[in-house]
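There are 2 protein chains.
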Amino acid sequence: MAADKNIEEGLEFIPKFDNNGLITAIAQDSTTGQILMVAYMNKEALDMTIKTGFATYYSRSRKELWKKGVQSGHVQKVEQILVDCDQDCLILKVSVDEGQCHVGYNSCFYRAVNKTHPDALVFTAQKTYDPNEAYKK
Amino acid sequence: MAADKNIEEGLEFIPKFDNNGLITAIAQDSTTGQILMVAYMNKEALDMTIKTGFATYYSRSRKELWKKGVQSGHVQKVEQILVDCDQDCLILKVSVDEGQCHVGYNSCFYRAVNKTHPDALVFTAQKTYDPNEAYKK
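Chains A and B, in that order, are what the protein sequence lines are.
For reference, each letter of the first sequence is one residue, going 1 to 137 in the numbering used here.
For reference, each letter of the second sequence is one residue, going 1001 to 1137 in the numbering used here.
Bear in mind the hints are in silico, worked out from the structure with no lab data behind them.
Warning: the hint list may mix true and false statements.
As a list, the in silico DSS-like pairs of lysine-lysine whose alpha-carbon atoms are at most 30 Å apart [as the list claims (entries may be wrong)]:
| no. | chain 1 | residue 1 | chain 2 | residue 2 |
| --- | --- | --- | --- | --- |
| 1 | A | K67 | A | K5 |
| 2 | B | K1115 | A | K43 |
| 3 | A | K5 | B | K1063 |
| 4 | B | K1115 | A | K16 |
| 5 | B | K1051 | A | K115 |
Listed next, with one range per pair, are the computed distances between beta-carbon atoms [to be verified]:
| no. | chain 1 | residue 1 | chain 2 | residue 2 | range |
| --- | --- | --- | --- | --- | --- |
| 6 | B | T1052 | A | V70 | 41 to 51 Å |
| 7 | A | D4 | B | P1118 | 16 to 26 Å |
| 8 | A | T52 | B | T1031 | 29 to 39 Å |
| 9 | B | A1125 | A | D4 | 40 to 50 Å |
| 10 | B | H1117 | A | Q126 | 35 to 45 Å |
| 11 | B | A1120 | A | D88 | 27 to 37 Å |
| 12 | A | T124 | B | L1065 | 39 to 49 Å |
| 13 | B | D1004 | A | I14 | 33 to 43 Å |
| 14 | A | T116 | B | R1060 | 25 to 35 Å |
For glycine and all other residues, C-beta sits at the position ideal for the given N, C-alpha and C.
Whole structure, please, built from the sequences with the hints as guidance.
Following this line, the structure appears as structure tokens:
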């Protein structure tokens, strides 16, 4: 409960980037409330997102800025950016078309832990588009 | 897009803990869809959560397991655990009472970035309880 009053109760936006210079960002459908994906931003990605109004992340695997949807067309128009109490996590409330996950689902969260066999998963959604079409060269 | 087909399309639960042994967990109100908080779990916390049905996290600051609500009373009954495509992030769909954030708000996300002055925040919620009461010794 180490509290920095200014960070938790103040109105200055002081995003806390981790040791790798990243902050966690959750994309949430502004209409349905569905959580679509979780990704990371460095300062440049956050600045770009604020400036352009479209979600831009930092790809940890490719080590580069990544405007969501630049290849698939599934962009995220940012309606609002929320920050949590210790300012180390963001929610982007976004307007989107269907199919935000590269596997073909609307959301990246398309499986749930099986309640009776917790080492297994169950599908909770169906694919909404063909990723082979969306991501073809 | 480095894809491990088994992880992304399979039904085996293989949570991917990071270099610190942690996985990101988002608590989302199962009724309203509101995102309440983001915290971290090590394997023990995840096992405990699955076993007990109540959210248990790993506190990075205190370096110990932390059953949410053990002090404040604001526990989280876990209805469902969702996992994302690459299995490095969880959503806990939870039933809760009001006031999940230690600052006194229902959600930790009670401020938004000011659209016209992005270095400033605006409050988007009001406190729902007095944390000084809830956390008094």
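These are the hints, each one checked on the structure:
Restraint check: the Cα-Cα separation between K67 (chain A) and K5 (chain A) comes to about 34 Å, which exceeds 30 Å; the hinted pair is violated. About 17 Å separates the Cα atoms of K1115 (chain B) and K43 (chain A), which keeps this hinted pair within 30 Å; it holds. As the CA atoms of K5 (chain A) and K1063 (chain B) are separated by approximately 22 Å, the hinted pair is consistent with the 30 Å bound. For the given pair, K1115 (chain B) sits about 19 Å from K16 (chain A) by alpha-carbon distance, which is consistent with the 30 Å threshold.
Proximity of K1051 (chain B) to K115 (chain A) is assessed by CA-CA distance (about 10 Å); at most 30 Å being required, the pair is judged to hold. One distance hint, 41 to 51 Å for the beta-carbon pair T1052 (chain B) and V70 (chain A), holds here, with the actual separation near 43 Å. For the hinted restraint 16 to 26 Å between D4 (chain A) and P1118 (chain B), the CB-CB distance of approximately 21 Å keeps it satisfied. About 34 Å separates the C-beta atoms of T52 (chain A) and T1031 (chain B), a value consistent with the hinted range of 29 to 39 Å.
Checked against the hint of 40 to 50 Å, the C-beta distance between A1125 (chain B) and D4 (chain A) comes to roughly 20 Å, which is inconsistent with it. At roughly 42 Å, the beta-carbon separation of H1117 (chain B) and Q126 (chain A) lies within the given 35 to 45 Å, and the hint holds. A hinted range of 27 to 37 Å is violated for the C-beta pair A1120 (chain B) and D88 (chain A), which are about 18 Å apart. Distance hint for T124 (chain A) and L1065 (chain B): a CB-CB separation of about 28 Å, inconsistent with the stated range 39 to 49 Å.
For D1004 (chain B) and I14 (chain A), the hinted distance range of 33 to 43 Å is satisfied, since their beta carbons lie about 37 Å from each other. The supplied range of 25 to 35 Å is met by T116 (chain A) and R1060 (chain B), whose beta-carbon atoms lie about 32 Å from each other.
Consistency note: the structure conflicts with the earlier hints numbered 1, 9, 11 and 12.
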